[in-house]
Every structure is written in structure tokens, then in C-alpha cells.
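Trainee: Using the sequences and the hints, build the whole thing.
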Amino acid sequence: MVHEKTEHDEEVKTVQQVVNSESGKDFLREVMKMPGGEKILGCIQCGTCAGGCPTRFAMDYSPMQIIKMINLGMKRDVLSSSTIWVCSACYTCATRCPRNVSFTTLMMSLKNRAILENMVENSVDSNFHKYFFEVVNKYGRIHEPELLVKLMDKTDLRSLQHNANLGLRLLKKGKLRMRAPKTEQNKWVNNMLEKTSEKVSQ
Amino acid sequence: MKYAFYPGCSVESTEREYVDSAKEISKVLGIELVEIPDWNCCGAVDAVYAFNPLHSVALAARNLALAEKMQMDVTTLCSACYFTLSRTNKILEEDSGTKSKVDAALESAGLKYNGGVKVRHFADVLLSDVGLEKIKENVKVPLNNLKVASYYGCFLARPPGICNFDNPEHPTRLDELVEALGASKVNYYGKTRCCGASLGITNEKIMLKLSKDVLLSAKSAGANCMITACPLCHLNLDAKQKDIESHFHIKIDLPVLHFTQLIGLAFGMESNQIGLQRNCVSPKMIIPLFASNTQHK
Amino acid sequence: MVNVKDKIASLDGVKIAETFEYVCSNPAQERIKKAVKEQGLNRVVVASCSPRMHLETFRQAVKSAGMNPYFLEMANIREQCSWVHDDKSKATNKAIALVRAAVRRAQYLEPLTPSKLKVTESVLVIGGGIAGINSALELADKGYQVYLVERNPSIGGHMSQLSKTFPTFDCSACILTPRMVTVAQHPSIKILTNAEPIAVKGSAGNYEVDVKIKPRYVDTAKCIACGECTQKCPVKKPSSFEENLVEEKAIYRPFKQAIPNASVIDKDYCLHFTKGVCGICQKFCKSEAINFNQEEEIMELKVGAIIVSTGYTLMDPHLIGQYSFGFHPDIITNLQFERLMLQGLHKPSNGEVPKKVAFILCVGSRAAIAEGVGYCCKIGCMTAIKQALLLGKSVPDAEPWIFYTDVRAHGKGYEEFYTKAREHLTTFIRGRAAEVIPNGSHLIVKAEDTLLGKQIEEPFDMVVLSPALIPNKGTKELAYMLGIDLGPDDFFLEAHHKLRGVETKREGMYVAGASQGPKDVRETTMESMAAASKVATFLGKGEISVSPEVAYLVPDRCDLCGICIDKCPTKAIGRGKKEVILDTVSCIGCGLCVPICPKEALDLKNTTDKQLVAQIKGIVEGDEATPKIIAFVEKMTAYGSADLGGQSRRSYSPEIRIVRIPSIGRLGIKHVLHAFAAGADGVVFVEGDDGLLKEDKLREHVIQFKKDLGKFRIQSLRLQSTTTTLPQYEKILALFDDFVERIRKLGPITQEKREEVKKFLEGEKNGP
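Heads up: the sequence lines are chains A, B and C, in that order.
Positions 1 to 202 (the numbering used here) are the ones given, in order, by the first sequence.
Positions 1 to 297 (the numbering used here) are the ones given, in order, by the second sequence.
Positions 1 to 768 (the numbering used here) are the ones given, in order, by the third sequence.
Some hints could be false.
Restraint ranges, calculated between C-beta atoms of paired labels, are given here [said to hold, decoys possible]:
1. D156(A) <-> G97(B): 41 to 47 Å
2. K33(A) <-> D489(C): 28 to 34 Å
3. E477(C) <-> H170(B): 28 to 34 Å
4. K33(A) <-> L132(B): 43 to 49 Å
5. E288(C) <-> H170(B): 23 to 29 Å
Covered stretches of chain A, going by a simulated chain B footprint (3 or more residues, C-beta under 8 Å) [as the list claims (entries may be wrong)]:
6. 107 to 120
7. 170 to 182
Note that these hints are calculated values from the structure, not bench results.
Each residue gets a CB set at the ideal place from its N, CA and C atoms; glycine is no exception.
Mentor: Set out below in C-alpha cells:
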């Protein structure tokens, strides 16, 4: 480089390092083995997914850009993006993709990977899944009040108020079940968990 | 007509009027819903999957294994469960690695799943097995003057290959049902647009916007009522309609019924028979529109 | 060091063995001719370069000395020996083996004569669009009788529907219709419309085609195209020429410049046929041209060559549901937009002039989904750009928007055309549209501008979709009828992607235009010229030479079981009374029929079983090298690839000894057994990528060999197969090296085993 170094140069170099690195290529290879990742090399970056995505406006990267970034091996950017958490799993993109990429399924796999690699520790997004998992295993069925109580930021008064309002609304209609639903617990969940808990971070 | 009934977690609590009305109309139509004994949470699309995919598939497969013993098709009221259970069949068919691990998990719970249990949304049971003709025969109160926006949401129409209830971009089956009940159908943009699903918990503002778009597009197309086929969609569109109104400073006032409640109304059932009093946005305003056809309060 | 010449001179039957430095040179050729004449030789073996280079040269040489040219055999000791092996003694040994094999084979060579076949000097052109029209004119001008068969009631094809062509803005009808008129007036062209071929028999140079002509219920000789009948007709129907945008009558003229310029009745709508009433048109026709009793006709055409120019159709955009085609009248296809331009541009919904128009590209193209096709439609981008510019020209304040994934502006003048569109304020959005939402009087297009990274929602007066181009209806059936292949894209398959773009796998059958794949008018015209040229070359001498290297029946063996009939890739075998009949003109000499005959009733001239076995034995018997590998190599592409490796001096293991054959399908298990019995330790099979056995069929064929070898406990690892393209020599030579290593590790086959196999073969020979 002939000009003076600026921090922009560092950024370019960093992207180049990631893109050309072995770990980047490893990430691509891993993603291709994930459910939903099989066909991402076939993506022609047409943008149909981004165009129809109902939550795109809240994403830092569009679905199309996420695939591009995976192809370039940009692991950290992908797993720490808001995109994967803001996806509502509506399947609009996967239904319309001309190259048959199941982006929605890939989002679920990437959520899992982000959780496993502690990319989004203690955010409401990852905690939702963590507590859902816990509550379902506790009772065999989900118990929304308990889930919400676990998730709530107990210091945020406004949101506490807001959730209480909803709770009250449902309670008035007889739709708030305070007692948790249970299956015949005995051992079945724990037995299963022994077989299915391979690399779960708790 | 007997079916292995999978209620789904939401239906038990926050949307109990959905299962109540479904059971009522089933009585009339000769459908026997045999609840799968000791069913568990299906995993809710990606709620469990994102944390532990294998456990999620195993949870869903447990229900299918229980249903297999009953030797009946599974039917569910929840579109998300319909998707999750259908997807499970596909995963077990196509991914032998996952299948063997799930088999081991099921075995540890004393169960075995051989595959092939059909998973059907309750709307499909009504439309394909019972048929519009029989439904029409039971209509005592044609729902005149009701302009009903049928909300399909995500999983009645998509994704093709897993959920095949209707055409992914232009579904019509619920609209046909609406017309068979004597009401008019409404064509509106939001009918297959996402309501926001579980983002209502993690990113509420996004969910509010999405549901707002659905409701407003129905309203501007002339709907005076909406029907849903999924308890989570119903929660977002009905129970949270007030939150949408206050967040965006607008008035919507669009009653959202479970499609089974609409059928119940047409069958001449009492409001509390089909749990109308539990709908958060009061359906009281639409009753007079067709009430002259019978004695409804 | 062992001397090749001396070794060969000592073989049975060899009278003279000489070495020359340039055996293709004149003096050497003269020497050969002299030896043939003076020494009364009846076979000549030339061991030198590849037969792909000079086989014909040497054949001519011996022919001029009075010997049948098929008594000339060659051994490739250059490209496949001296140029590619470093170990001199091994290379020498191999050269001896190759020449020895040639000498042994030579003993079984037979005199053969190519036959001359008179050809029919007329041509059938199937499809009367611009491709068919151009080919027909070109050939008719050369003096051939041309039959132009068109399925629709008029020739012209899709080009007659277009407004202007890109990038020159020529009026499409203006450049097409004069040609149509010339075709109509040409004394050597017979136009058959409302017509389709229903059966094809015969062989190259002499095809017999049955053409079914559907009645149009109007006598084209009498009709003066006055239009009275159309005016009076009470029945309306959607007009296919107008792409269903407007209606026409049940009796109609396809379009103003239709050829034949006459009316036609659509009997699915005409009241006379549907209800037995009306007949008004007949009443009013002053020329008495209407004839409700006209009947279907079958015409038998005898032609020497056929050109397939059946064109394309558009994919049904209903299949891509997100664009809501069919849910609003102002969502149309690009072909419908062409018609609107010619009707006076207006919105189908209310007749108003559209200002803001969205052009959505790639509707069904470049896809990997069941509803779509995998290839690019080639003309979508340019059509949209053209239509955007035309919109701008005809509507003040027009706002054309093009939603694209990649703009393909590949041809001459196309990039400049694209620049013009931008300069004339066409908005380009880089992002394939996600959906089209009908919203009352306008349409909303949702897309992501991927360059800006922002979602957009724009209202438009009209949306124009670019559907994928697919083969016309009936293509599969026609391909089967003609005995030619379709490619993986379901279009007719050309013989070679680069070098034989208008030929097909069948001699005398050619393909031109969009029937081979999507393309524009310019490329179509060039292909139609090329096809006409090929036809003229083929039929030009009035006769064609038919290779004598064809299949033949061994007398008194065939029991008409018919297994060979389906196996033949060119339908050259038919059922006779007592035995099968071989059409030697259609036969391409592949030999696939030979090994599958349970009675060994078929053989192949110039690659007979005796010749093959002699060559196999000759190539491994008589030297002590180890291991010995025979590589059976398909004679054109695969052999050519090995030659190319030689030209590139790519060294490989000298244990590989190549036998050239028409196709691996020519081989049966007995040849493989002979190879092992005679001394081979491993066998490789290499078929050309474009050969008769495709990858999966080749694998099946060899797997069967492996199973049969199991009886003798010969390990299946001793066989390997692969396909190759011509330039892929690295692949096959590397495979050779690996295979030699594998066989070396496995060790040679034991003498006992070889004896066992020999015994079995003896037993077989003495009667199955």
C-alpha cells in the first residue's frame, strides 16, 4: 500500500484474513453439513429471500447477505448477527428460493451453533431457547408463565408492567393457567436427555 | 371418524376456547378426537431445536410413537405443531444418522417409532374427510353479512414438501369453508404473512408490527372479522390486539375467531358453548350481523 | 537391446519387416506399394503414429497398390508408446507387444467396401418459425425440394408476434414477412400448415415421414382473405396469436401477414362442429372456400435429410405463485407485452396507458426447484431492456423499472443497448422481485435492492414477467419419433457442444434455433444457415458413402428373440420374418448388439470377435513383462484423449497396453476372460464422455463383468472403468498409473487360474 495506513485498511485486512483463512473455509464446510446448509453454494445471490422477508427491516444483514458471509467464511459476523434471532421461521424465503436453499432451516441450525459457541451469552434471544428447553424438560410441556418469569428482566419496570397487563387480560378470560401442565414424568424425559445431550451448554 | 388428537401446549391454556369449540363441532360432525395419552411438547418449531436439535426431534417423535400405537392419523389444532410433527417425519425419513439417535432416545423412554404416522391439521380433516357438503348440511345460521378474512399464517401454506394443506402463495381452502358457512370471503394481502410468532416474547415490537400489518390489510380489504387456525397466531392477533393498538396509536377493533368458533356459530351453537366470551377482542359486534337468522344474544 | 523389427520379422505370417524414419512420406509409401505388388502381400501392418492421424493415408496407399484398404492395420507405437514411456526396455517390449497384436489381428481382417447409397434430394424442415423459414429458403435456393411442416395454421413462429428486435429496433414483422412471402412463392418449397409428423422410417439419405395434416375447413386455394367470414362469425374465442389478451372469432385469419393467407376454423369453438348449427361463414363466403367436410390427410414424404426447428414456448408463470400471474389482468408476460406494443400499449384492466412498469426477470429460470429450469433464458434481460426503451419512446414520463439478478448482455451491440437503457432513465434494481401484490388499480412489487441493502415496495401500473423458455409441446415425442436425443435441459441435443452444434446423433438429422436451446433471432438465423449448409454437404453428391464397419448376422443362428432391437441406439435393427433385419445405413458400428445376443448371432465388421480375440491374445501372449494390463479404449474420444496425453509427453506406466474398440459396449465377458486367460493381470475400460455407454450404463456393464469373474475367483479389483472427455488425458493416465500399482500389489494371476479360464473358453467354443 502506498498511502498512509488508516483504520479502514485494518478492516479490509481483517476481512481478507477471515475470507482467506482456513478457519473461514472450515466454517463454510461445517455449515454445508448443517440441516439447511446443503445447497448454499448454489445460491445465486438473487435476493428473493431478502425481498420477501417480513422481519428484514430489523436485521443487520439480510438473509442473502448471511449466505454470502457464510460462503466467505465470516463466522463471527454471521453468528453474532441479529438476523438469526430476528428470523420468525415463517418459511417465506425457503418457499420462494429459486435455488432450493432452505434458509429458515439453516437459521435454526445457526441459532444452535451460536448458542453452542457462546456467541450471544445472556441475551433474551438465546435465553428464550434455554429456558424453553428447561421448562419443557421440567414438565414435559411448556408452561408460559414460568417461561416468561424466567426471561423477564426484573429490573425493567415497564416491561414488567406490560407483561402483567397481558397476564391480567388472559386471567380475566380464564386463559391463564397458573398450574403447570404435566406429563407422567417418571423417567422418560431424563432418560431421553441422557441420549440427546451431546454437546449442550447449560 | 377417529383421530389421535394432539392438542399442543398453547391450546391447553392460553387458547382453551379453541379446543373447546373444536370438540363441540366434532360432536356434531361425528369426529372422535382421542387425545394422545401423555403427549408432550412437540418442540415448537425452533424453540427447543435451537438449543438442542436432537432433543427437539426426539420430543416430537415421542408423540408420533405414542400415536402409532393408537393406529390412527394424528390431527392437531396448532399449525406450528402441525409443522413440527410433519417435519419430524421428514427428518427421520431422510437423515438416518439422526434417526438412529432418536430411536435410541425413544427406546430409553420405552417407545419405538416405525415411521409413517400421518399428521393432519384439523382444518384438513374437516375439509377433506368430512367435506364441505356435510358441513353445509349442518349450517343452521348462515353467517350473512360476515366478511371473513381467513388467516392462513405460515404453516397452513408453507413450506411445500412438509406442510401441504394448500397453495403456498394463494391458498383458498379456508375461504371455501367461509363461503360454505354463508359468509363472504375477503381477499387481502396479509393472509399468508407471518404474525410474528414467538418474537412476541423475544422481540415484541417486531411481532406487533407484523400482526398489525395482517390486521390492517384485512380491515382495509373490508373484513369485519378474521379467523385463525393456530393458537399462537390467535394470541398475537387477538390477545395482543390491544398492545398493537396502543403501540401504534391506532384503533383496529377486528374480532379474531378460531375457525372452529366460526363453524360453531354457523351451527347455531351458544356463545359460551364455543368459548366466545374468552376472545379478547369482543366478537359481540358481529353477532347482530347474522343474528336475525336465529336467536343469538 | 532387443530389436523390434527383428522380433516382429520372426512372427508367423510376417514376410517383410522394415523400418523407415518417416513412414508417411512419399518414398516410404512407394516402398510399401512396391512391396505389396512385388511380394504378393495380402496384409500390411504399419507401426507408427496414431491411426487417428494417418489411417486413411495408409489405406489409400495400399488401395492404390491393388489391395483392399481394410487389409491395412496400424499399431500406435508413438503417441501411445515411445512418447510416453521413459524406461527404454519396457517401452520396447510394449512396442513389440502392440505390433504383435496388430499382426495377429491382421490375420483375421476381411476385405470390406464402403457402399454408395443414392439419396433423396429433398429435405423436411419441421417447424416454420424463423429458423425453419431460413433453412428452407437457403436449401430451396440451392435447388432442393423442401417441405416446410408447421403445426400452426400459419408459418412465422414467435418472431411474427414480436414488435421490434433488439438491439437494432428492427420491426420484427418487417424483416420476417418478406421471407415468409418468398417461402410461399418459392417453387421448390411446399408449405404444409396445421401439420405434424407422426411417423419416421428409413435411414439417413432416405427417410420416409408420415405427416398428418389437420383440416382447416377452408380451401386455401380459393380463400382470398377478404375477412367476411370473420366479421359474420358469432362465436368469440381467446386468440393464441395475441397471447390470450384479446378474442378472435371461431373462423379467423391467424394474423394479417399469415402464410397461407387464408382463414381457418377452430372446431372446438365453431358452432357447426359443437352444436351442428350456424354455417353463416359459408353463406357469406363469395369464393366458396369454406368446406366443413374437409378431412384429415396423411401425406407420405420421402426426404434425404431432416431439420428440426420446432422452437420454444414460455413456461407457465402461474407456477411461480409469488408473482400472482392470473390474479390481476395487468400482470403479463413479456410476450404479451410485445402484443400490447402492437395493439397500442394499454393496460388490459382498463385500457389506460401504463406509465410505471415493472419488468421482473428470471421467472422460473436459473432455478433448482421442480417448477423451474436450471438454465438461463438468454433473452430475458435484453427483451426487458428493449421493452423499457420502447415504453420510454411511446409514453411520455414513462418509468420503466427492471428487477434483475445479473444483466446478461452478451451479444453484439447488447452492452451498448444496456447503457442506452440506463441513459434513458430505466431504473435498474439489483434484486429478484420477491412478490407482486395486486392492490386495486395498481400492483405492488416487493424486492430487496441488494446493492443498497434495503427492502423496497413500489406501486406499478403494470408488471411484465420474464418466464423461462422451455421446449415446445411435443418435443419429447418428436425426439423419440426421430430417434434423436434430448439434453438434460429437455431441448434437442446437438452432437457436440462446440464443434457440431447443428448436428444430432443421427446422420441426416439436424437441429437449428430455439429447439436446441433458448437463443435470439441472430443466433437462430446462423444456426439455420449452418444446418442448411450441413444438409447440402450431406446430400450434395447425390449419394452418400456408407461405412462397411457395421453389424451383420452370422447365418442360421438368430431365433428372433429381439433383445438386440431395443439395445440398438439408432434403431437400426428391425424384425424380419425369420430373423432380425439390419439397416446398414443407420448402423453406426458401435457393436452394442453383439455381446447381448444369446445365440452369438451378431458380429461387427472390422471388429469381429475373431479379430478382437486375436488382438487380445497377441497383445499379452509372448512376453514375460509383469504385470500386464489391457486397456480397452473407445476409438474416438477416449483414444483421442490418450493420444493427446502422448502429444503432451505425459509419461505413464508402460504396463498399459491399449486396444482400440468402437465402444466398451462391444465387449462381452468372453473378451475379458480371454484377456485374463492369455496373460493379462488387470483390465481397464475407458469410454468417451459422449460415447454410447454413459457413466451409469458403463458402470452397470462392468459390474456385470465383475460378477461373472467371481465364478473364477478373479478379484473384482482387477477391473476398472471410467469415462473421459478428450482433454481429460491427465485423468485417465493418472488412473492407469494407479491401476498398475493396484495390480502390482495384487500380484499376477496364477497359471492354474489362467488354465481354468482357458478350459472354460474352450468348452464354450465347442458349443454353449
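Trainee: Compare the structure with each hint and give your call.
Mentor: Each hint tested on the structure:
Checking the proposed 41 to 47 Å range against D156(A) and G97(B) shows it holds: the Cβ atoms sit about 43 Å from each other. About 30 Å separates the C-beta atoms of K33(A) and D489(C), a value consistent with the hinted range of 28 to 34 Å. Hint check: E477(C) to H170(B), Cβ distance near 32 Å, so the stated range 28 to 34 Å holds. A C-beta distance of roughly 46 Å is found between K33(A) and L132(B), which places it inside the suggested range of 43 to 49 Å.
At about 51 Å, the CB distance of E288(C) to H170(B) disagrees with the hint of 23 to 29 Å. With a threshold of 8 Å between beta carbons, the proposed coverage of the stretch 107 to 120 of chain A by chain B holds, since 6 of its residues qualify and at least three are required. With a threshold of 8 Å between beta carbons, the proposed coverage of the stretch 170 to 182 of chain A by chain B holds, since 7 of its residues qualify and at least three are required.
Violated hint for the displayed structure: number 5, the only one.
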